[in-house]
Amino acid sequence: MNEMLISLALILVKLGLIFGVVLTMAAYLVLAERKILGRMQLRYGPNRIGPGGMIEPMCDVIKLITKEDFIPDRADKWVFLFAPGLTALTALLSFAVVPFAPPLTLFGREIPMVVCDLNIGLLYIFGLSSLAVYGVVLGGWASNSKYSLLGAMRGLAQLLSYELALGLALVPVVMSAKSFSLTEIVMAQSTWPNILQHPLAFIIFMISVTAESKRTPFDMPEAENEIVAGFHTEYSGMRLGLFFVGEYSNLIVIGAMTTVFFLGGWHGPFLPPVVWFIMKVLFVAFIFIWMRGSMPRPRYDQLMHFGWKVLIPLALLNVVVSGAIRIALN
Amino acid sequence: MRNFWRDIKGTLQPFWITLGYLFKKPVTIQYPEEKRTPPPRYRARLVLTRDPNGGERCVACQLCSAACPVDCISMQAAEDEDGRRYAAWFRINFSRCIFCGLCTEACPTLAIQTTADYEICNREVLNLVYEKQDLLIESGGKDTEYNFYKHSGIGVAQVRGEGEEEHGPVDPKSLMP
Numbered sequence: 001m002n003e004m005l006i007s008l009a010l011i012l013v014k015l016g017l018i019f020g021v022v023l024t025m026a027a028y029l030v031l032a033e034r035k036i037l038g039r040m041q042l043r044y045g046p047n048r049i050g051p052g053g054m055i056e057p058m059c060d061v062i063k064l065i066t067k068e069d070f071i072p073d074r075a076d077k078w079v080f081l082f083a084p085g086l087t088a089l090t091a092l093l094s095f096a097v098v099p100f101a102p103p104l105t106l107f108g109r110e111i112p113m114v115v116c117d118l119n120i121g122l123l124y125i126f127g128l129s130s131l132a133v134y135g136v137v138l139g140g141w142a143s144n145s146k147y148s149l150l151g152a153m154r155g156l157a158q159l160l161s162y163e164l165a166l167g168l169a170l171v172p173v174v175m176s177a178k179s180f181s182l183t184e185i186v187m188a189q190s191t192w193p194n195i196l197q198h199p200l201a202f203i204i205f206m207i208s209v210t211a212e213s214k215r216t217p218f219d220m221p222e223a224e225n226e227i228v229a230g231f232h233t234e235y236s237g238m239r240l241g242l243f244f245v246g247e248y249s250n251l252i253v254i255g256a257m258t259t260v261f262f263l264g265g266w267h268g269p270f271l272p273p274v275v276w277f278i279m280k281v282l283f284v285a286f287i288f289i290w291m292r293g294s295m296p297r298p299r300y301d302q303l304m305h306f307g308w309k310v311l312i313p314l315a316l317l318n319v320v321v322s323g324a325i326r327i328a329l330n
Numbered sequence: 331m332r333n334f335w336r337d338i339k340g341t342l343q344p345f346w347i348t349l350g351y352l353f354k355k356p357v358t359i360q361y362p363e364e365k366r367t368p369p370p371r372y373r374a375r376l377v378l379t380r381d382p383n384g385g386e387r388c389v390a391c392q393l394c395s396a397a398c399p400v401d402c403i404s405m406q407a408a409e410d411e412d413g414r415r416y417a418a419w420f421r422i423n424f425s426r427c428i429f430c431g432l433c434t435e436a437c438p439t440l441a442i443q444t445t446a447d448y449e450i451c452n453r454e455v456l457n458l459v460y461e462k463q464d465l466l467i468e469s470g471g472k473d474t475e476y477n478f479y480k481h482s483g484i485g486v487a488q489v490r491g492e493g494e495e496e497h498g499p500v501d502p503k504s505l506m507p
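Same order as they appear, the protein sequences are chains D and Y. Position 330 of the first sequence, counted from 1, bears residue number 330 in my numbering, the numbering being contiguous throughout. Position 10 of the second sequence, counted from 1, bears residue number 340 in my numbering, the numbering being contiguous throughout.
You may find that some hints are simply not true.
Dumping the calculated DSSO-like pairs for lysine-lysine here, alpha-carbon to alpha-carbon at most 30 Å [claimed, not checked]: (1) D/K178 <-> D/K14; (2) Y/K355 <-> D/K35; (3) Y/K339 <-> D/K35; (4) D/K67 <-> D/K146; (5) Y/K354 <-> D/K35; (6) Y/K472 <-> Y/K462; (7) Y/K365 <-> D/K35; (8) Y/K503 <-> Y/K480; (9) Y/K354 <-> Y/K339; (10) Y/K365 <-> Y/K354; (11) D/K77 <-> D/K63; (12) D/K67 <-> D/K35; (13) D/K35 <-> D/K63; (14) D/K309 <-> Y/K339; (15) D/K146 <-> D/K63.
To be clear, the hints were calculated from the coordinates, so they are not data collected in a lab. In this text, all values refer to a predicted model and were calculated from it rather than measured experimentally.
With the rest of the complex left out, here is chain D (with noise of 0.2 Å):
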């Protein structure tokens, strides 16, 4: 009984801890992603509110909080509502299986450093990526606008096209850490990281999760200039938030997946484990970042034949080329 309460309080401890770390993360994120982007394009970017602005996504949370929350006319109200909270909330489940550092033995207990390390913690991810998607979707057709519609059907489009190629990626990674579990998959990284092992899977990864992140350039679904802001055209105030929350949250989770699939997670020399986990995803970050500052928008037509026509043949090629690798050298 005491033992069970013991651990039910560590991991509210963790829970918390993560909620907190990773929801100043994407507020500062947000800032981070305006400021790189502003001196890519020679402009300083936020720097009024604080010293270099560092107040600003303070006073974005205030501004969202306190503007009207809109319902469109005839827009279906409860899905209208409850869709973005899907999507800030897929982002923020899928951190229950990082494991953020090795185990740590406090008092004589082994306290593993994540929340729930589940044994088939792939596969909780990719579920909760796949469920995100409803919150474009179905905040898209809730919304009852054109622009909405062709947003959410745009993301439903894109989805298809990475998924698979996604899940095909790390079918090496599994193979070469021989679990479904996070915690094993970086265990199984700590003399070589996956990316020197696979290199074409994390290309075909990094591919398929920009196109899960919904960035640039695969921000069809949004598209700014050409169908107004995609899915949540319609939205206002903090439920407008909430898919930026999901957004930036979503990109930390995929930093996170990334550090843990192929950057060997918490390994790394001198630093403690913790420093080098964060500083991996915020590295993983920054490229997403770089990218969004450097990439032009396909059509949504062009993703999807990158998509089944080459990244889904070569990720599948992948998987056996390193499956037979394995085999012979073993």
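Given the coordinates of chain D, work out where chain Y should sit on it, guided by the hints.
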């Protein structure tokens, strides 16, 4: 296959370029702290100038008011004892003004001129209605030497034919050319 390598290059090159720009100094002028000097012919706040003797140049001819596309200039003409016209009141509504400078082109006496002072924003819109005392400056503006009545203004402020580049009136009864 040539296109393949071209596409790979075209995909990677932008990353290099944006990374280069990331470490360059931004071109932004941070306005309230840094200001740039506008060029001398910049068209911003309008002023009424004076001639070299310190008299008002404006003769209340209404040409600026007529030229103004947004009708932001209004005035009332009055006459001195010596017959010289001046503006009894002169009003420019800067909340309407589009700073096109057509009034300065219309002005025959160089009275109304543009200045480079672009910071006339105000929270109270009525403060942007400038009266004659707000508009008049103690200077000739862009041409300090010009005096309209030295060149024109027949028989009003001076005797006919007294101006520079002006001949005396022709005597129609004389036969001499």
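Hint check, failures only: none
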